[in-house]
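Peer 1: Can you make the complete structure from the sequences, with help from the hints?
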Amino acid sequence: MAEILVLAEHDGETVKKVTVELVTLARRFGEPAVVWAGPGAEAAQARLAEYGAAKVYVAGDPVYDDYVVAPKAELLAELAVQKSPAAVLVANTAEGREVGGRLAVRTGWGILTDVVGLDDDITAEQVIFGGAINVSSKVRSGTPIIAVRPNAISPEPAAGEAAIEPVSITVSDAAKQAKITGRVVQQRGARPELTEASIVVSGGRGVGSADNMALIERLADLLGAAVGASRAVTDAGWYPHQFQVGQTGKTVSPQLYVAVGISGAIQHRAGMQTSKTIMVVNKDPEAPIFELADFGVVGDLFKVVPQLVEEIEKRSA
Amino acid sequence: MGCPYLRGLARTWQQRQGGRPPVMNIVVCVKQVPDTWSERTLRESDSTLDRDAADAVINELDEFAIEEGLRLAEAHGGEVTILSMGPDRATESIRKALSMGADKAVHLLDDALAGSDVLATSAALAAVLGQIGFDLVILGSESTDARTGLLPAMLSERLGVPQLSYASKVEIDGTSITINRLADYGYDTVVASLPAVVSVVEKINEPRYPSFKGIMAAKKKPVQTMTVSDIGIDASQVGLANAASEVLSFAKRPARQAGTIVTDDGDGGAKAAEFLAGRKFI
Chain A
1 MAEILVLAEH
11 DGETVKKVTV
21 ELVTLARRFG
31 EPAVVWAGPG
41 AEAAQARLAE
51 YGAAKVYVAG
61 DPVYDDYVVA
71 PKAELLAELA
81 VQKSPAAVLV
91 ANTAEGREVG
101 GRLAVRTGWG
111 ILTDVVGLDD
121 DITAEQVIFG
131 GAINVSSKVR
141 SGTPIIAVRP
151 NAISPEPAAG
161 EAAIEPVSIT
171 VSDAAKQAKI
181 TGRVVQQRGA
191 RPELTEASIV
201 VSGGRGVGSA
211 DNMALIERLA
221 DLLGAAVGAS
231 RAVTDAGWYP
241 HQFQVGQTGK
251 TVSPQLYVAV
261 GISGAIQHRA
271 GMQTSKTIMV
281 VNKDPEAPIF
291 ELADFGVVGD
301 LFKVVPQLVE
311 EIEKRSA
Chain B
1 MGCPYLRGLA
11 RTWQQRQGGR
21 PPVMNIVVCV
31 KQVPDTWSER
41 TLRESDSTLD
51 RDAADAVINE
61 LDEFAIEEGL
71 RLAEAHGGEV
81 TILSMGPDRA
91 TESIRKALSM
101 GADKAVHLLD
111 DALAGSDVLA
121 TSAALAAVLG
131 QIGFDLVILG
141 SESTDARTGL
151 LPAMLSERLG
161 VPQLSYASKV
171 EIDGTSITIN
181 RLADYGYDTV
191 VASLPAVVSV
201 VEKINEPRYP
211 SFKGIMAAKK
221 KPVQTMTVSD
231 IGIDASQVGL
241 ANAASEVLSF
251 AKRPARQAGT
261 IVTDDGDGGA
271 KAAEFLAGRK
281 FI
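Residue numbers (the working numbering), protein chains in the order written: chain A, 1 to 317; chain B, 1 to 282.
These aren't lab readings, by the way, just hints derived from the structure by calculation. Beta carbons: idealized from backbone N, C-alpha and C, even for Gly. One thing to keep in mind: the hints can contain errors.
What the hints assert, rightly or not - Which residues of chain A face chain B? A partial, calculated answer using Cβ under 10 Å:
1) Met1
2) Ala158
3) Ile169
4) Ala178
5) Leu256
6) Ile266
7) Gln307
8) Leu308
To be verified - Computed footprint of chain A on chain B; a stretch qualifies when at least three of its residues, placed anywhere within it, have a C-beta under 8 Å from a C-beta of chain A:
9) 65-76
10) 80-92
11) 157-163
12) 191-200
Peer 2: Written out as structure tokens, the structure reads:
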């Protein structure tokens, strides 16, 4: 059976949820072989085995963390040529797409991004134009490189060996041109990552100030959710830019999306329209976000949300 | 990897800095896209973007790229060239970019390019960049139509220069360039040498509006048109027929089933909690 290469996203210890989603998906098309760039594969081996990874190609050199994506692309390109996989899967994250894009240039293979599902002959499903149109696409040149949207696939356990095979390539000087010299962490509490979270609570213009975002955080924490924000909020500086959900920010696809004080312009909807369940709190009954709502409350968020918080606390007490 | 003839560019600029006033050659890539406020669709005939169905505008993030190019040119001395690949109509977007203050433009205009995928687009743009030369290429981190976000990495790979993508801040000191690269956890500081490819996010600046003077001046600024044969690209490597992927079918996404909307009468929060409990979220 041909291998399906899966580029792991990890923080040096833990593998991200999207990677086990990709391994789950890969099982349908071949033998999942995870490509792990940088240290830490041993710590994640058990989890990869639990989801059915057959192999883990490990290049443990720290060089992969020291430079922007190019070394990872060289590693993946090398393995892609050596192993003749049936497909290469990457996460549809900034880094996953960039590595996939470089691989496409090196090999001439076609790449499809923001894929939400794969059919039998590696036909990809995509949702475009802010959620307005479903598209079915296929790579017709070389081996398909597929960037899969996080949270689009449900991870399902299946026993695998996850046998570690060390690999070593010489990373070229050309790939070592953009050096990472510092890492600034702006964490906002111990919350799940936005694109990986099963629940996202987002605040919009209606929240009114940076201080009031604490109310959104409070609700998010009770639900074990990630916090998101609309463009109005990040542009105003009420919340850091990396939490922006929408066209120029993150695309999320959680089980539950709670939109608070967000009117729902197309640019925001583009980032959350494929959420499974959507709940809305907004004082304007005409707000377009209500068109997406499975449940909506027309009302003052400063009354509705505190009451919701209180009710959740009561139920969990 | 990359194009050997580009390797000398940074050195050239450094030498120029020594004598005459430095002129940094900044190229900003601009894409004309359908306005996201319009209803966007694909054409039934060939499943490509229906460009006539919607108003056309500069891709929003590219406006931030233009602004950053202008600011860097103002701060360090330099010339800003707009590079756009697209049909005739893209002239409107090119003129707008010039009216913001860019010096000149190159319009890659050829019917053979219609329907090109991002692989072919990156090859064509890299070929133009190789010909016109650059110290810095700036572009938006993704376009609002295809949203692949692949072009910055692909250009960097093709040109063999550093990839400085998702920049929320850019600083140049001589031939050294430092950016803040946005990440899920905050940002990374990334350092490289020119020439380089930079892609920007909207946090980086606030794009200026064209002034009346700028709009008038833009009409006289040079726009050079290039075709695929001018840049040494074989027409059989670009365009829809030669794309590495194809759209098999598309359909309007069914509207979501109408949900339950309640008006808060003092119990809106409680009702929301009931809904969440019913769906087992709490």
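Peer 1: Decide, hint by hint, whether the structure agrees.
Peer 2: Against the structure, the hints:
1. The criterion of a C-beta within 10 Å of any C-beta in chain B is not met by Met1(A), whose closest approach is roughly 24 Å, and the hint is violated.
2. Violation of the interface hint for Ala158(A) is found here, the shortest Cβ-Cβ separation to chain B being roughly 25 Å, above the 10 Å cut-off.
3. Interface restraint check for Ile169(A): the shortest CB-CB distance to chain B comes to about 14 Å, outside 10 Å, so the restraint is violated.
4. Using the Cβ-Cβ criterion of 10 Å, the hint placing Ala178(A) at the interface with chain B is satisfied: the shortest such distance is roughly 4 Å.
5. For Leu256(A), the suggested interface contact is upheld, since its CB lies about 5 Å from the closest CB of chain B, less than 10 Å.
6. The interface hint given for Ile266(A) is met, as the beta carbon of that residue sits about 6 Å from the closest beta carbon of chain B, less than 10 Å.
7. Because the beta carbon of Gln307(A) sits about 3 Å from the nearest beta carbon in chain B, less than 10 Å, this interface hint is met.
8. Because the beta carbon of Leu308(A) sits about 4 Å from the nearest beta carbon in chain B, less than 10 Å, this interface hint is met.
9. A stretch counts as covered by a chain when three or more of its residues have a beta carbon under 8 Å from one of that chain; for the region 65-76 of chain B and chain A the count is 0, and the coverage is violated.
10. Only residues whose C-beta sits within less than 8 Å of a C-beta in chain A count toward coverage, and the region 80-92 of chain B has 0 of them, not enough to reach three; the restraint is violated.
11. Using a Cβ-Cβ cut-off of 8 Å, 6 residues of the region 157-163 of chain B lie near chain A, which meets the minimum of three, so the contact claim holds.
12. Counting residues of the region 191-200 of chain B whose CB lies closer than 8 Å to any CB of chain A gives 4, so the stated coverage by that chain holds, three being the minimum.
Checked against the numbered hints above, the structure breaks hints 1, 2, 3, 9 and 10 and satisfies the rest.
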